[in-house]
Every structure is written in C-alpha cells, then in structure tokens.
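Asker: Chains as they are written, first to last, in this note's numbering: chain A, 81 to 430; chain B, 81 to 430.
Derived by calculation from the structure, the hints in this document are not laboratory data.
Check before you lean on any hint, since a few could be wrong.
Pairs involving identical chains hold if they fit within one copy or between any two copies, as the list cannot separate such chains.
[Claimed, not checked] List of simulated lysine-lysine pairs, DSS-like, C-alpha gap at most 27 Å: (1) LYS144 with LYS101; (2) LYS144 with LYS102; (3) LYS388 with LYS238; (4) LYS144 with LYS238; (5) LYS99 with LYS144; (6) LYS388 with LYS101; (7) LYS206 with LYS247; (8) LYS388 with LYS274; (9) LYS238 with LYS99; (10) LYS101 with LYS238.
Note that the structure is predicted; figures quoted are calculated from it, not measured.
2 protein chains.
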Amino acid sequence: MISAKAASLIPYTAGEQPKDKKYIKLNTNENPYPPSPSVARAVRIFDFSRLKLYPDPDASALRKAVAEFENVGEENVFLGNGSDEVLSFAFYALFDGNVVFPDITYSFYPVYCDYYGITYSRLPLKADFTVNVSDYTDKPHGGIAIANPNAPTSVALKNADIERIVKESECNVIVDEAYIDFSVSAASCVPLVKNHGNLLVVKTFSKSYSLAGLRVGYAVGSRELISAMYAAKNSFNSYPLDALAQTAALAALRDREYFDECREKVISTRDSLAVRLRSRGFDVLPSDTNFLFAKPPDGLGGEELYKKLRENGILVRYWNAPRIENRLRITVGSDDETDRLIETLDKIIG
Amino acid sequence: MISAKAASLIPYTAGEQPKDKKYIKLNTNENPYPPSPSVARAVRIFDFSRLKLYPDPDASALRKAVAEFENVGEENVFLGNGSDEVLSFAFYALFDGNVVFPDITYSFYPVYCDYYGITYSRLPLKADFTVNVSDYTDKPHGGIAIANPNAPTSVALKNADIERIVKESECNVIVDEAYIDFSVSAASCVPLVKNHGNLLVVKTFSKSYSLAGLRVGYAVGSRELISAMYAAKNSFNSYPLDALAQTAALAALRDREYFDECREKVISTRDSLAVRLRSRGFDVLPSDTNFLFAKPPDGLGGEELYKKLRENGILVRYWNAPRIENRLRITVGSDDETDRLIETLDKIIG
Numbered sequence: 081m082i083s084a085k086a087a088s089l090i091p092y093t094a095g096e097q098p099k100d101k102k103y104i105k106l107n108t109n110e111n112p113y114p115p116s117p118s119v120a121r122a123v124r125i126f127d128f129s130r131l132k133l134y135p136d137p138d139a140s141a142l143r144k145a146v147a148e149f150e151n152v153g154e155e156n157v158f159l160g161n162g163s164d165e166v167l168s169f170a171f172y173a174l175f176d177g178n179v180v181f182p183d184i185t186y187s188f189y190p191v192y193c194d195y196y197g198i199t200y201s202r203l204p205l206k207a208d209f210t211v212n213v214s215d216y217t218d219k220p221h222g223g224i225a226i227a228n229p230n231a232p233t234s235v236a237l238k239n240a241d242i243e244r245i246v247k248e249s250e251c252n253v254i255v256d257e258a259y260i261d262f263s264v265s266a267a268s269c270v271p272l273v274k275n276h277g278n279l280l281v282v283k284t285f286s287k288s289y290s291l292a293g294l295r296v297g298y299a300v301g302s303r304e305l306i307s308a309m310y311a312a313k314n315s316f317n318s319y320p321l322d323a324l325a326q327t328a329a330l331a332a333l334r335d336r337e338y339f340d341e342c343r344e345k346v347i348s349t350r351d352s353l354a355v356r357l358r359s360r361g362f363d364v365l366p367s368d369t370n371f372l373f374a375k376p377p378d379g380l381g382g383e384e385l386y387k388k389l390r391e392n393g394i395l396v397r398y399w400n401a402p403r404i405e406n407r408l409r410i411t412v413g414s415d416d417e418t419d420r421l422i423e424t425l426d427k428i429i430g
Numbered sequence: 081m082i083s084a085k086a087a088s089l090i091p092y093t094a095g096e097q098p099k100d101k102k103y104i105k106l107n108t109n110e111n112p113y114p115p116s117p118s119v120a121r122a123v124r125i126f127d128f129s130r131l132k133l134y135p136d137p138d139a140s141a142l143r144k145a146v147a148e149f150e151n152v153g154e155e156n157v158f159l160g161n162g163s164d165e166v167l168s169f170a171f172y173a174l175f176d177g178n179v180v181f182p183d184i185t186y187s188f189y190p191v192y193c194d195y196y197g198i199t200y201s202r203l204p205l206k207a208d209f210t211v212n213v214s215d216y217t218d219k220p221h222g223g224i225a226i227a228n229p230n231a232p233t234s235v236a237l238k239n240a241d242i243e244r245i246v247k248e249s250e251c252n253v254i255v256d257e258a259y260i261d262f263s264v265s266a267a268s269c270v271p272l273v274k275n276h277g278n279l280l281v282v283k284t285f286s287k288s289y290s291l292a293g294l295r296v297g298y299a300v301g302s303r304e305l306i307s308a309m310y311a312a313k314n315s316f317n318s319y320p321l322d323a324l325a326q327t328a329a330l331a332a333l334r335d336r337e338y339f340d341e342c343r344e345k346v347i348s349t350r351d352s353l354a355v356r357l358r359s360r361g362f363d364v365l366p367s368d369t370n371f372l373f374a375k376p377p378d379g380l381g382g383e384e385l386y387k388k389l390r391e392n393g394i395l396v397r398y399w400n401a402p403r404i405e406n407r408l409r410i411t412v413g414s415d416d417e418t419d420r421l422i423e424t425l426d427k428i429i430g
C-alpha cells in the first residue's frame, strides 16, 4: 500500500520531548534562556488579519536582514523551515551521489541521502574525535557534509582546515554551523563563500537565538547554489516560512545585545560544567557548542548513567552506537539546572 | 555545480504577491475575511519563553482536535506545513510511479512527481471540464490525484463518483479537498476513509479558515498511509509545524461559528458574482469553490482582460495553457472588492 521508497525509510529520531512528567531537559541542545523579549513584542503587535494572505514566499524582509548581518548579497541567502529543512533542500540541490561525512556526526545526514536516493559513505573521525582533513581532500568525492562544530562530539575544526577542504575538494561542501555561535576556537566560514562557489553554510535560529519552537534556518552560498535551493523549495512547498515566524525571527536577529548576553552565559556555564565533570573523573571533549560529550568515570557505563539520570528527572542524550556507546551528550542548561545535574551525579557516583 | 535533479526542475509558480502597489488581490484564492479573532487571542497569550524548546513534533493537541472534528482516530491524521507540504509527503509515501491526474488541475502535482522522479500522465477532462470517471476506473494506474473541487476549474465531482474511483481503482487515491468547505453540491469524502485503506484526503487551513499566512494543512487516511507519511516527514524535517502555528490553528478550528459565517458570506458573494458575470456575457463554470473560472464574452481574450484588470489595480490568475487560455480564475473577494471588479469590467467592456 505504500511506496517502495517510503517502505525502506529509517527516519531520523529526535531527542525525546517527554509529556509524562517534568524533566530537566538536557537532551536536545535547546537554549536554557528564553528568546529575546522583542520576539513576543513583535508577534503581539502583528496584524493578524494579514494571516488570510499567503506569506511573502521569499521572506524578503528577513532575507535582507540576514544578508546584511552576514555581509553578503540577498541572492546569497536561502531561508527555510528550520535548518533541518534547509539541509534537506541542500542535499537535494547540491548532491548527486558519493557524498561523504564523518562516521560520527548529525545522524540526519544519511537520512536525507536515503530520502532522496543519494549514495553516501562515512569517513571515520580520528581517535580523538577530530576530523581527518586529508580524508576529504586527498581523493575526489561527490559531495561533503561537515558539521562544524560537530555534533554530538562538540569538537570544532579550525577555520584553516575548513578552508583547505573547501579549496582542495572538487565538489560541493555543506558546512552545518548549527552550533558555531557557541564556538570560541572557530569562527563561521561564511566569509569564504565570496571566493568559493562550492561552499554552502547552514545556520539556525533554534540554538543561539533560543527559537527552536519557531523553525527558522538559513543557508549562505553562491548565487548558483542558492538558486538551485529555491528551485527545490518551490518544487516542494512555495511557502515553508509562515508570516509569524518571519516576523519573530527578524525581531530576534535585530536584538544583538540580548543574543550576546545569552551566548556568553551559555559559554561560561559550559566551561565551568566541563571543569566540574572532569574533576569527577569524566572524560569531556573540548566543546565549541552548547553541549558536552562526556565519558563517565571507569566503572560507570554510558547507558547505565543515562538511565539513572532519567530516573532522577534529568534527560540527556545517549546513543548505543559504535565508538560512542560510553558517552553522553549533555546540553548546557541554566546554572541552576547544571547544579542539579552535578548534585544528581554526585548522588549516583556516590 | 548543482545536482542533475535540481537542474531539471521546473518549479511550481504561485500567483504573484506584488509589492509594487496596492491591488485588489483576486489571484491566489485567499479568503477575503480575516481569521477568527480567537487566533490573535491565542497567540498573544502564548508563553513565548516556550519558543526556546522544539515544538511538539506530533502537534498532539492539534492532531487530537482535528481527529475529533473529522470523526477519525488520531492515528488517521497527519499534520504538515500547509497542504502543499502535506501533498509533497503524500506523493512520496503513496506513489511509486504511473500516477494519473487531470490535464487541468493543480499544477503542483506534476512538480511533486518531478521532484521525486515519479512518472505520471495526464487524463483529459471532458469538454465541460468535468472528470471522466471511467478513465480512472477502467484500467489500472499506479496512483491517482484528484482535486475535489478541482482547481482552477472550480467544478466538483459528486461523492458517488469519488467513491467509485476509490473503490474500483486498485491504487492509492489522493483527494485534495483544499476548497471542499465552499462546496454546496459535494461533501468531504473523509467518511470513506474508514472503509478504504487506499484513500488519503488532504485539507488545509489556508482557505476556509483564512490562515494562508500560517501554513497548516492535514491529511486523513488509514493508519498505514499516515504512518508512511510520518516516516517521510521524519526523514525530511522532524518539526515542520512551529509552536505558534499549532496554537493558532487549534484556536481557528474551535471557532465553528465564525468559520460558518465566513464560509456562508463567501458562498453568497460567489453566487451573486457568477450571476453578474453571466449577465455580462461571461461563460462561468458552476463553482463549488471560493473562485470562478470564467471565459470573457466573445471579442475579449483571457490574456487581454487579465492585463487590463491588472492595469486597473485588480489581480486575477491567467494561464497561457491549452484549453484554458481564454479563461480567468477569479477569487471571490469581499462584496466591496466584487463591486469594484464589476465596475472595472463594465469600464473595460464598455
């Protein structure tokens, strides 16, 4: 009764959004702080009679603001319904097959490939969970997808390495910068777009703007790549970004002061949480994100600790997958949430 | 630089959303009335701090309300980012190839097929623009997509004919009911879902709920078809429906009184507009939608009239396409807008 393609899908599994009881949610890399107060203000004064009309299909006002913010032309910006949708259109528009990405990375990449019938293979991260750059530059590939910083590892590639991959590879490169705003050791590679027509940089309002609930993401790339993405979008859904989301994202983008304040708080809490975990025997990878990828001290398995935290009302993310089956991905919460996490760990570890 | 698939796309072209000056917009079948006042109320009291969290991926509250409204189980309801997205997932999940639809119908259907590489062919409508039912029942097809009422023709199939197609065809049938709420001569075929596992009915909040700007649509079908659609969605974007859209659509769905009032006004204006156009020599097809498909009186071409109306600040939809190149699709506006249209036509016709 269903299509052969649909029958063979193995969908992406997002972190759980539990409804049974109240948890401290450190499992989906959400920002612990609410969005800018200007978001509520902008939506509350919205003229709701306008909802009878289709939204601006190009999200022009938001597109212009993003272009100015990123210091590129409007023709270099694509907007979509969250960076998950943006990535889906990017995989469709930029890749024919033989796509490569790390063995440990955002697990939606193989799902996009399967959805569209795009062939792919995984290139192993090094033992320290960093990307082996020469794997991407020394032989030709059909396409490259790199999350930078990577998830769930939290580790960032240096900009020079990204530039080397973009320069030396002869294929399109998607750099997924969902977490770049929390990075201290790396910077966005958007400035490389100007000289590299094969680079597409994807960003999101979900994490650093605290707008996961709103579903707005964007891509920056050459006019040619962006046009191809709009062709894909306009062959799927002409208006993925609703009028309220366009309004709210614009308000958030403009409040730079609030953005910086939240970002700095998250970075500060992250760094102190890493210290506290390490002092308790955890192996914590150096994080450039709003989460930590941590291996519990010897004698405590990743799955065991995940379950014990859950019993104690704290959700973190665990994958029973090769190389990472002893690690937990822990989102950086508020200071209070972090204190609760440490107290609970101390209780569990004893 | 771009994928072969993307290079060959011919995207759907939506009716224009002009920014140059103020028009009377009778070109995209939007509702002339604003959404229920309860939409603004629900959004204004929304707790905006919740936007930091991902939205409910299943839109559970809205799904439950739609299921109750449609008198089906929650497992029979799929929600998406406008019925365009819902249709896209439906084509992916239900069709392998050899899909058929009328030669004159929603022009997104062939675009979805091309996006996914699904083969299709067009079956000609009869000379009076009605569907030739036996074309769909007398030989096997890989899938069927029928808009009922059809667009841009405005003509509805009787429920018995829909039932015959669903019963006698041995394939999945998508019935796209974007305009069903404006129908007097036909009713929704959702009640058929119970006994026909091959039927998927697609509806939208864009037209009859005046929420085109919000992007919410849904499908009703068997548990098996709906599961396949969720597998497709979760392989594309886990959260296409943002938290504000879920809240607003729920508020609109609950205000039945306002819904009925707007619907009746649109139907009444439509019927009087049809009479006024016919008295001026237009050939107007019998409409079960919120638009009319009208052929101007002899001596006046469709394209010519489209251009003259545009010069006079009125937008309608025109296609330079076989069989319909002398017709205009005119959205039913408010009574004031309709009066302006008639005045302008009288000026043009002389």
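Asker: Confirm or reject each hint.
Answerer: Structure-based check of each hint:
Within a single copy, LYS144 and LYS101 get their C-alpha atoms only as close as 42 Å, which misses the 27 Å cut-off; across copies the closest is 20 Å, which meets it. Taking the shortest Cα distances, LYS144 and LYS102 sit within 27 Å of each other only across copies (22 Å), while inside one copy they are farther apart (40 Å). Taking the shortest Cα distances, LYS388 and LYS238 never come within 27 Å of each other, neither inside one copy (36 Å) nor across copies (59 Å). Neither within a single protomer nor between protomers do LYS144 and LYS238 lie at most 27 Å apart by alpha-carbon distance, with minima of 29 Å and 48 Å respectively.
Taking identical chains as interchangeable, the C-alpha atoms of LYS99 and LYS144 lie at most 27 Å apart only when they sit on different chains, with a minimum of 15 Å there against 38 Å within one chain. Taking the shortest Cα distances, LYS388 and LYS101 sit within 27 Å of each other inside one copy (16 Å), while across copies they are farther apart (62 Å). Taking the closest pair of Cα atoms, LYS206 and LYS247 come within 27 Å of each other only inside a single copy of the chain (22 Å); across copies the shortest separation is 58 Å, beyond that limit. Taking the shortest alpha-carbon separations for LYS388 and LYS274, neither the intra-copy value of 49 Å nor the inter-copy value of 44 Å comes in at or below 27 Å.
Taking the shortest alpha-carbon separations for LYS238 and LYS99, neither the intra-copy value of 40 Å nor the inter-copy value of 43 Å comes in at or below 27 Å. Proximity of LYS101 to LYS238 under the C-alpha cut-off of 27 Å is found in neither arrangement, the shortest distances being 41 Å within a copy and 49 Å between copies.
Going down the numbered hints, you'll see the structure goes against 3, 4, 8, 9 and 10, while the others check out.
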